[in-house]
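Asker: Listed below are the residues making up each chain.
Number of protein chains: 2
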Amino acid sequence: MSIPIYTFSGALAGNWRVAQMDSILGPALEPVPFLNVTSGTLTSESKTVWSLRGVVSHERYVNRTEKNLLAASSPVLGRSQDVCAALIPIKKSEAWWSLPQDERRAILEEQSQHISVGLKYVPAIARRLHHSRDLGEPFDFLTWFEFAPEHIKAFEELVTYLRTTAEWKYVVREVDLRLRRV
Amino acid sequence: MSIPIYTFSGALAGNWRVAQMDSILGPALEPVPFLNVTSGTLTSESKTVWSLRGVVSHERYVNRTEKNLLAASSPVLGRSQDVCAALIPIKKSEAWWSLPQDERRAILEEQSQHISVGLKYVPAIARRLHHSRDLGEPFDFLTWFEFAPEHIKAFEELVTYLRTTAEWKYVVREVDLRLRRV
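Protein chains in written order, with numbering that gives the first Met the number 0: chain A, 0 to 181; chain B, 0 to 181.
To be clear, the hints were calculated from the coordinates, so they are not data collected in a lab.
Ideal Cβ placement from N, Cα and C applies to all residues, glycine included.
Check before you lean on any hint, since a few could be wrong.
The calculated lysine to aspartate or glutamate pairs, modelled on EDC-like cross-linking and capped at a C-alpha distance of 20 Å, are [as the list claims (entries may be wrong)]:
no.	chain 1	residue 1	chain 2	residue 2
1	A	K66	B	D101
2	B	K168	B	D81
3	B	K66	A	E102
4	B	K66	A	E93
5	A	K66	B	E102
A short, non-exhaustive set of chain B residues, derived as facing chain A with CB atoms under 8 Å [to be verified]:
no.	residue
6	S56
7	V61
8	R78
9	D133
Negatives, chain B to chain A, calculated, CB over 12 Å [what the hints assert, rightly or not]:
no.	residue
10	L11
11	L24
12	H57
13	P74
14	K91
15	D101
16	L118
17	R126
18	G135
19	V174
Just need the whole structure built from these sequences, with the hints factored in.
Answerer: Written out as structure tokens, the structure reads:
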């Protein structure tokens with residue numbers, strides 16, 4: 000069983016239209032009108048402006064209780080009402096990656112409540128986390144969210160909250176793409 | 000700063016001579032007379048029989064105390080007296096990877112003492128862990144060890160111990176290559 004790999008390509012055509020793209024911290028990505036999300040091996044797509052790859056790997060921080068809570072309430076991707084999406088690629092500092100596991104966990108959850116606050120937004124917001132750092136990619140994570148238009152405000156609240164946390168002090172690059180299903 | 004990637008290639012010539020190769024569990028690797036260890040991007044090496052890739056990523060389990068102990072006593076690779084080496088590629092089961100972080104940590108250290116027993120063997124045995132699972136490789140880890148001939152017995156003791164642990168019940172494939180520097 001191999002690890003699922005996904006490619007997010009900024010392109011001139013695609014299955015998601017870019018409604019907004021903001022560079023939150025660090026270098027921007029080149030503006031594109033569309034985003035393509037593909038799985039499997041990287042295909043050469045002539046109309047691609049940039050490509051970001053990530054794998055859906057094992058969970059790095061959740062404990063048993065949190066894993067069970069998430070499993071019970073997390074929705075699948077691709078629900079018909081979820082015509083809104085967000086791709087937020089994130090890179091953390093070397094200081095973060097050189098921390099031992101217990102200190103990273105403490106910052107992420109005990110200080111920042113990343114998991115427990117995130118749990119409040121399921122099942123409204125569907126998500127999938129892609130790990131990119133070990134692939135030598137420019138970002139460490141590609142975070143992907145899907146939700147219905149009535150949950151745009153809730154999603155905004157979630158990302159605004161996360162950006163105020165202790166964990167976010169370790170973020171050195173973040174781009175925020177908002178998308179509409181074509 | 001990008002993640003260092005290493006390639007271990009079984010080949011007809013190379014910088015390490017294969018002294019012994021045992022398939023401990025699961026499918027064997029094709030027998031080869033030499034092993035090449037290269038860093039950076041994968042080069043096409045015409046004499047290569049097989050290639051395994053892994054990245055030196057952040058630590059997944061150590062806490063602050065363990066990290067500091069390891070940092071204080073871990074030797075560098077390439078010491079002139081370390082003419083012996085071992086490459087032990089390991090694959091763990093899906094059951095392992097679907098465990099939450101706290102349960103994997105408890106099996107690895109609290110039940111199996113992987114870190115604390117390993118600490119007894121530094122600085123005699125130098126090591127580097129390479130992560131492969133997220134790269135879609137056939138093994139999850141490529142564990143690499145270097146030591147002087149007088150520590151062969153100690154190394155044997157360490158791997159024999161690890162194979163008796165609760166953690167090792169999750170190992171589904173393991174090959175053990177012993178090498179001599181050419």
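Asker: Would you list, in rising numerical order, the hints stated earlier that this structure does not obey?
Answerer: 2, 8, 12, 14, 15, 18
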